[in-house]
Amino acid sequence: MIRNILAASLLLSTSAHAFATDITWWHGMGGKNQEVINQIAEKFNAAQDACSLTPVSKGTYEEALAAGIAAFRSGEQPNILQVFDAGAATIINANGAAIPAEDLITQAGYEFDRESFIEGVRYFYADADGKFVGMPFNSSAPIMYINTAALEKAGVEAPKTWEEFETIAPALKEAGYIPLVQSQLTWEFTENFFSRNNLQFASNNNGYDSVQGTTLNVTAPEHVMMYEKLKDWYDNGYFGYFGAGWSDNQKPFEEDKVALWIGSSGSFGGLQSSAQMPFSATFLPYWDSIEGAGTNSFIGGAALFAMSGKSDEENKCSADFFQFLTSAEIQYFYHQSTGYVAITKAAYELAKEDGYYEEKPIAEVGIQQLSLPGGEWSKGYRMGFYPQIREVMEREYNRIFAGETTVEDAMKTIEEEGNALLARFAKTAG
Amino acid sequence: MKRVQFSSPYLPYLFLLPQMTVVFIFFYWPSVQAIQSSFYLEDPFGFGATFVGFDNYLEAFKSSHYQQIARFTVVFTILVTVFSLSIGLLLATTADTVIRGSGPYKTLLICVYAIAPPVAGLIGMMFFDQHIGPFVTMAAWFGWDMKVGIDYVDTAFAMIVVAVWKQIPYNFIFFLSGLQGIPVSVREAAAIDNRSRLGRFRTVTLPLLAPTAFFLLIINMTYSLFDTFGIIDVIVKDKAANNPITLVYKVYMDGFRGNDIGGSAAQSVILMLIVLLLTVFQFRFIERRVHYN
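From first to last, the protein sequence lines are chains A and B. Residue numbers for the first sequence follow the working numbering, so the first one is 328 and each next one is one higher. Residue numbers for the second sequence follow the working numbering, so the first one is 1299 and each next one is one higher.
Looking at chain A on its own, in the form it has when it is part of the complex (with noise of 0.2 Å):
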């Protein structure tokens, strides 16, 4: 009996995938991402019969990086691994271990246009000419959510700049708000102030030229007057800051006691579920005093990288793959049930002839903010052992809203603990 169940299902098992080629993904994506994920393979596998992908939720973004590692050097690795922003530069470093998805996509025969990307994806996951590495995915923009009932109350229209949100910020504390609070300094604050503000963040052209003798600029008179406003704001009570956690920062704004938060373009799908009062949004302020500000933000999110030491067969599944992915359908499906961007032009096209930003205007304002003209220092950065400069950040930043260090020994501790990492991995990489 058991015997003839186990050959039956074996049987069926077999004829389901009898001619078809295996590939994995590895993601780092968990929750409602994921059930979406598994959505895109399901209508993968559904479209076409040469090609069945299995998608694995690794658990967090640096976790799905350390099993992809860990996976290459037993060689062991999935077709396709996930890698998040930061984690970027190790992956695409490592010569050899990726295979360049433009590479991909054109042995398997098909056309590659980098210019059916939009402007603001194209260059983060590229080398130095321009060639995609990794294959965007899923991609985000810091922007502002704007509490409406909150501005209205204290009778203020929401602020394009710095230098407006300090005038604003005494009436809306008086209304009873909380003015200002964000989610991820890292990344809102200190990656992207540069990016939006058109500021160099690292030497040898934001790292993209070569790891050799790469160096932060995180003590740049600007982002220190940043972090000087900030710690200023905070003391006055128009800005909160609740940890470096995300979700400690976000609760407050979903509870309706904050008028404006910073978060990313991928939170607006949970929020139209968490939050207790009305919102919108709009772009992340620049300064107005600084020269050339106002340009776009660096594409947050992650992107999939096609690991090497695969078979043609394989690879040419993973190319196939990539291709679907980009389609204007499966894009624009991706971009209404998560939240993050369309990255092609294309799928924005088709999202605004459905009418969808009519319908919900913030889904839009992350890939216009990723559309806004980019400057020199907007188009991404490339650093190794950068997740580790983060947690130096994470920790510096910490410490100043403790009032345990002064921003600029916090910047300087920042420089010197971060350019000795990228030296080290200077090391690893020559």
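Simulated from the structure, these hints should not be mistaken for laboratory data. As the structure is a computational prediction, the values presented were derived from the model and not from experiment. None of the hints are false.
Straight-line C-alpha distance at most 25 Å; calculated SDA-like pairs for lysine to any residue:
1. A/LYS739 - B/GLN1366
2. A/LYS584 - B/TRP1439
3. A/LYS584 - A/SER601
4. A/LYS584 - A/PRO497
5. A/LYS584 - B/ILE1430
6. A/LYS458 - A/GLY436
7. A/LYS558 - B/GLY1441
Fit chain B to the supplied structure of chain A, relying on the hints for placement.
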């Protein structure tokens, strides 16, 4: 006592083999690899490794952040061990004297032990949550503006409370069974000689509990050093920032999240040496004072 003899001289080794294989594969082999990696600076993907001698160790020792973590680990280990041992002992001695309803009372104390560390961390974190935590509200009554996650000391306090809370039941079980192992005749004799309960506890009960206490001391120190990982991970919520962490969490951060294999291997070797020294010290200097039987 009669000595047990094996018929063949090889037989005992055969019986030892499965255990030794497990120990070798899961302990010695990774240890040797860690020691080896600690002398290299390695590309995360394993494309190349440069021999750097003791650089990885020097880097760790020179870093003021690492020194701070080491100091916190010492304080954390001492506090967690002392509090969880003494509270466990206090509860055990009290429970030992309860006559009516001792069953449910003991079960209630023990059942906390069945909670997995991450779950304990989560429950503990709810109590200390900045927005909804009842402990934070309570602290506010006394003018303590508790900011777990931002303030170093407040986070350390929360961590120690949760870690101690989690470990008390374990100590309780062992102390209770230790207490119940003390013969009634000895207790009665002691009660005649000394009327003071505290005096009896100090001169009779405690020495008889010493083997249990020594065992628990080692277990609790290992617990504070390693097993609290899950609690710390939940409390710092994936972002250590300026919050206190222990040495083992730093190894995880640098190795698994930072992909710095050489550096984290050196740190884990340092940790291994610390535990080795601690164990030698405990057995040489403390165990001498413990009398079995």
